[in-house]
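Undergrad: From first to last, the protein sequence lines stand for chains A and B. Residue numbers for the first sequence follow the working numbering, so the first one is 176 and each next one is one higher. Residue numbers for the second sequence follow the working numbering, so the first one is 71 and each next one is one higher.
Simulated from the structure, these hints should not be mistaken for laboratory data. Values in this document were obtained by computation on a predicted structure and should not be read as measured data.
With the C-beta cut set under 10 Å, the calculated list includes, among others, these residues of chain A facing chain B:
{"id": "1", "residue": "Gly235"}
{"id": "2", "residue": "Tyr264"}
{"id": "3", "residue": "Arg282"}
{"id": "4", "residue": "Phe284"}
{"id": "5", "residue": "Asp343"}
Heads up, incomplete: computed chain A residues facing chain B, CB under 7 Å, no partners named:
{"id": "6", "residue": "Cys234"}
{"id": "7", "residue": "Leu236"}
{"id": "8", "residue": "Ala270"}
{"id": "9", "residue": "Ile287"}
Calculated pairs, DSSO-like style, for lysine-lysine (alpha carbon to alpha carbon, straight line, at most 27 Å):
{"id": "10", "chain 1": "B", "residue 1": "Lys436", "chain 2": "B", "residue 2": "Lys285"}
{"id": "11", "chain 1": "B", "residue 1": "Lys72", "chain 2": "A", "residue 2": "Lys314"}
{"id": "12", "chain 1": "B", "residue 1": "Lys271", "chain 2": "A", "residue 2": "Lys196"}
{"id": "13", "chain 1": "A", "residue 1": "Lys196", "chain 2": "B", "residue 2": "Lys285"}
Note that the Cβ used here is the ideal one computed from N, Cα and C, for glycine as well.
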Amino acid sequence: MSTELDTNSSYAMEIRNLTKKFGNFTAVDNISFNVRKGEIFGFLGANGAGKTTAMKILCGLSRPTAGEGTVAGFDINNEQEKIKRHIGYMSQKFALYPDLTVRENIRLFGGIYGLADPEIKAKTNNMLQTLEMENVRDKLAGELPLGWKQKLSFSIALIHGPEIIFLDEPTGGVDPETRRRFWEMIYEASEKGITVFVTTHYMDEAEYCDRVSIMVDGRIEALDSPAALKTKYKATNMDAVFRTIARKAQREE
Amino acid sequence: MKEFFAFIKKEFLHIFRDKRTILIVMIMPIVQIILFGFAISTEVNNVRVAIVGDTTDPEVRKVIDRIDNNKYLTVTEILSNTNEISPKFQRNEADVAVCFSRNFDSELHSGGKASIRIIGDGSDPNTAQMITSYVSGAIQDEQDDITIDYAGEQKTSMSPVVQLMYNPAMKSSYNFVPGVMGLILMLICSMMTAISIVKEKETGTMELLLVSPVKPLWIIISKAMPYLVLSIANFVSILLLSHYVMEVPVNGSLFLLSGVALLFIIASLAIGLLISVIASNQRTALLISGMGLTMPTMIFSGIIFPCESMPEILQWVSHIIPAKWFIIMVKKIMIQGDGFVYIIKELSILAGMAAALLAISIKSFKTRLQ
Numbered sequence: 176m177s178t179e180l181d182t183n184s185s186y187a188m189e190i191r192n193l194t195k196k197f198g199n200f201t202a203v204d205n206i207s208f209n210v211r212k213g214e215i216f217g218f219l220g221a222n223g224a225g226k227t228t229a230m231k232i233l234c235g236l237s238r239p240t241a242g243e244g245t246v247a248g249f250d251i252n253n254e255q256e257k258i259k260r261h262i263g264y265m266s267q268k269f270a271l272y273p274d275l276t277v278r279e280n281i282r283l284f285g286g287i288y289g290l291a292d293p294e295i296k297a298k299t300n301n302m303l304q305t306l307e308m309e310n311v312r313d314k315l316a317g318e319l320p321l322g323w324k325q326k327l328s329f330s331i332a333l334i335h336g337p338e339i340i341f342l343d344e345p346t347g348g349v350d351p352e353t354r355r356r357f358w359e360m361i362y363e364a365s366e367k368g369i370t371v372f373v374t375t376h377y378m379d380e381a382e383y384c385d386r387v388s389i390m391v392d393g394r395i396e397a398l399d400s401p402a403a404l405k406t407k408y409k410a411t412n413m414d415a416v417f418r419t420i421a422r423k424a425q426r427e428e
Numbered sequence: 071m072k073e074f075f076a077f078i079k080k081e082f083l084h085i086f087r088d089k090r091t092i093l094i095v096m097i098m099p100i101v102q103i104i105l106f107g108f109a110i111s112t113e114v115n116n117v118r119v120a121i122v123g124d125t126t127d128p129e130v131r132k133v134i135d136r137i138d139n140n141k142y143l144t145v146t147e148i149l150s151n152t153n154e155i156s157p158k159f160q161r162n163e164a165d166v167a168v169c170f171s172r173n174f175d176s177e178l179h180s181g182g183k184a185s186i187r188i189i190g191d192g193s194d195p196n197t198a199q200m201i202t203s204y205v206s207g208a209i210q211d212e213q214d215d216i217t218i219d220y221a222g223e224q225k226t227s228m229s230p231v232v233q234l235m236y237n238p239a240m241k242s243s244y245n246f247v248p249g250v251m252g253l254i255l256m257l258i259c260s261m262m263t264a265i266s267i268v269k270e271k272e273t274g275t276m277e278l279l280l281v282s283p284v285k286p287l288w289i290i291i292s293k294a295m296p297y298l299v300l301s302i303a304n305f306v307s308i309l310l311l312s313h314y315v316m317e318v319p320v321n322g323s324l325f326l327l328s329g330v331a332l333l334f335i336i337a338s339l340a341i342g343l344l345i346s347v348i349a350s351n352q353r354t355a356l357l358i359s360g361m362g363l364t365m366p367t368m369i370f371s372g373i374i375f376p377c378e379s380m381p382e383i384l385q386w387v388s389h390i391i392p393a394k395w396f397i398i399m400v401k402k403i404m405i406q407g408d409g410f411v412y413i414i415k416e417l418s419i420l421a422g423m424a425a426a427l428l429a430i431s432i433k434s435f436k437t438r439l440q
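Okay, chain B solo, but in the shape it has when bound (with noise of 0.2 Å):
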């Protein structure tokens, strides 16, 4: 036992004496929550709308300022023909137009139809859906106005009114939290534990250590404990900020979020004895790790992309990202404050995971000494 806290004594000293590394595993969580909060945020706000129609009309008067009234949407040009729509998006100075059909108050009082197109900037397809919703939300206000206006009472009709439960304002923070999370644990965890083992590879002080009477899996115990450590003071950091910097809720139980935390922190330690084992040089360790691990948490675990909208063999291959599970049960225990019969199936596949990663990472580095 004695041999074993020499040891891990030790890994933290490497830690601490890297000021480099301490900097930006202590750093890196605390920027990547702030960049994702406010930089790469996916709500929209201050949209500039460009109208096309004839101003003087009264009911395009009502909706021209139905929807400069609306918080998100602001008017900002009058156009006169269509054409001119073009240029203005290519320049950047507006983000949606608004036509309105000729003679639009008569058409709409005689015939009852009169037609409203809008036209989004679908060079950002993500945007642009967002905005173009925001628009028809609002004229739709105006339109139920209108009915009341004309025919005296409300008439039956099927209006469908969308609520989104457990995040009512559509914050993005509720996606990247989960999302961040699962990257910054991983990245720690399995990059961290990989280079400092292949470290010690390269500079042949493995050897000393595997000639000493320390048993091989204390070795590897102790290379890991620090990183568990840093690890768990990092979840703790972002689930602080998140909290009360983002606003996140923590509706579930805290308890069984560090539990599911701690999980895939194992499976992640696996992953990164695994590299150690394959790469020969820390370089290899790192380019593994940052491509074979980082790339696809990010694409497949559903920050950035959805998942559903995926072709099905990507899908498939999301399967097999352990971050993708951890995620998943992450936003159900955070989010949607759901207990443990809920992500019963996402526990168990992970679970697995970790189970499988560290039987094989633990066999193949003993093989790799024989």
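Pulled out of the complex, with its shape left as it was, chain A reads as follows (with noise of 0.2 Å):
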């Protein structure tokens, strides 16, 4: 595998030998990997296994403390700023302002993107036609349902058209028929060429990942298709994977 960074490569990301220090606790530790366009990738690991910190690296929200990478192919030492531009997040809290309204939501997101007011007015329109969600376009985010909130800010984080899209943990405490949803959206996004990196706790979602890496005490320990990880471990479904691999975690959490 070269380490050359090439910007006009088929991937998304290429992440070489990164490694984030605090002190003297290596929280991400030399970890290598690259991520197609278009491609679901699940990141994948135990608390405190370094998902967290290393996903706030790509994000552009902190620095490595070595190692090098491109996202959307911007590098991630000095090309903070530009990797923010053309990357969507969302946390597991589906985060929106539950006191102001559906639109207003859409509004304040397109703004801080830097959007144009005709541009955002089209996008506000059609987003709200997608998710028939119209008739509530003036009540406030907060009073909708869980499932609703979490379409929305979906929706929100690729008000920009992003490149790539970040989803960290993004159905936890969701129930079941609300995370099948989700995942459709998920897919809907994949298909039009939006590279999804997702972390997940749950395992069956892993399943519908195109490929999952498995983070240990700061190192990815496994990276493969679900179907070739099962067949490599002996597992009939991820979650057996995903204890055998992270039995061997030393640290603490």
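Combine both chains into one complex, guided by the hints.
TA: Listed below in structure tokens is the structure:
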């Protein structure tokens, strides 16, 4: 595998020897991986394995101690502002502003990403139509049912047309039906060519990913398609795979 | 820039949607001014005076009349001996007692020496001090007249005439208006800013803002902006109220006063930001700003207790309270009418504090992000 970084490659993300230390503690220990464009990439690991730290670097929120890489074609060491413009982000809290209306939430994030007013207007109408939420456009976002909030915040995270969307445990605490419908949205986005980078605790969700990586103690212990991993570890499902690998963990949570 | 305005608009929407907050923020200054102005007045009115002594004695009569004619003092009781004073105080039927020695008139005329004892209710020392000095003032007037009566002319004597410059009527509003101003500005800027930032941390929306291309510094500025506007509105309303209702003058330059207030607001906003970095939830933020800011500001800024009479250690502590310097400057500008040169010391201290706080808070906010 070449260590050259090629911005015109078919990869949405190329990470080489990424390390992040906090004092003596190595949160992320020399990880390397590629994510293909349009791929749904599952980023798994127990709590404290270094997932969040790695993800923060990939989102341009923090700088690596060592290593290099590109996200959406921009360098993770010195093009963080550009990275931020080309990625979308959604966390487990489906963070919308509960005291703003649906429309105001859409407007706000359109504004934050620097979209022009007519563009925001068009996108708002479009989004409300697709989500079938036109009749609640002036309702406070806090009053919406959880599933709707989730759909809305996913759509808002895509408002500026990012190449990659980061989903940080997007389905935490949601019922199976809502989760299933959420994954339908993820597939739709992926079909449009958007790369999906998702962390999750639910191993059944890991099965939906094209490829998954499993982090243990700051290192990537396994990286392959769910089918290949199951064969390799002689397991019937991803849950068994995960438990076999995570058992190697030395670190306390 | 457009991103920035989208942010500021959002912050204002947050405030206007939260009716309770807007009510508290806009009403609190008015309520505080009125409360301090009328309820917690340190002026003394309608003092009830109990008299112990022989009321048939002509000279005693004259002194009693003199006391009774004073507009702050009213003679309510004539007691026969000093043992009755304590129960009167206990039942709150008198505020002060004046005791005349036996044979007051003849003692005064023969020996030239007669004694009057003023007994105050020391359980409330501030009020007692004020009342006893009113009473002795009234008696002093009578003493002067007696001297003229008997000597036929005014004897050369030294009698001090006390005059309080800048506040001849000893209005307590001159003291608390600057105090309340400091308190309110501090409260709104620090507490509200801290809470609004911590709230975003709690709900997870802060993460969304941070992964957006908007620079962290702009996020901070846009968070602080609405509270800057609110506190300017409060500053104006306090000034108007104190001028037209409490009749506190603005003797100095209004421009200078506003400048000083702006500096203090900036320092308070920086404190609020610092709290938001330390606190992980809204309750902690509220507690820190309540106990860590409001209490010390109340105690050390001289609103209630004069700083000069504190133990030296506490006086040193009071020096690190930004509100103290602000309040001193407001008093100097509003009441004394001092110009820029007279507040240079306080102004540079506050400016230094504001700069240091701002630098520390922005730095710690940024490190927190790493």
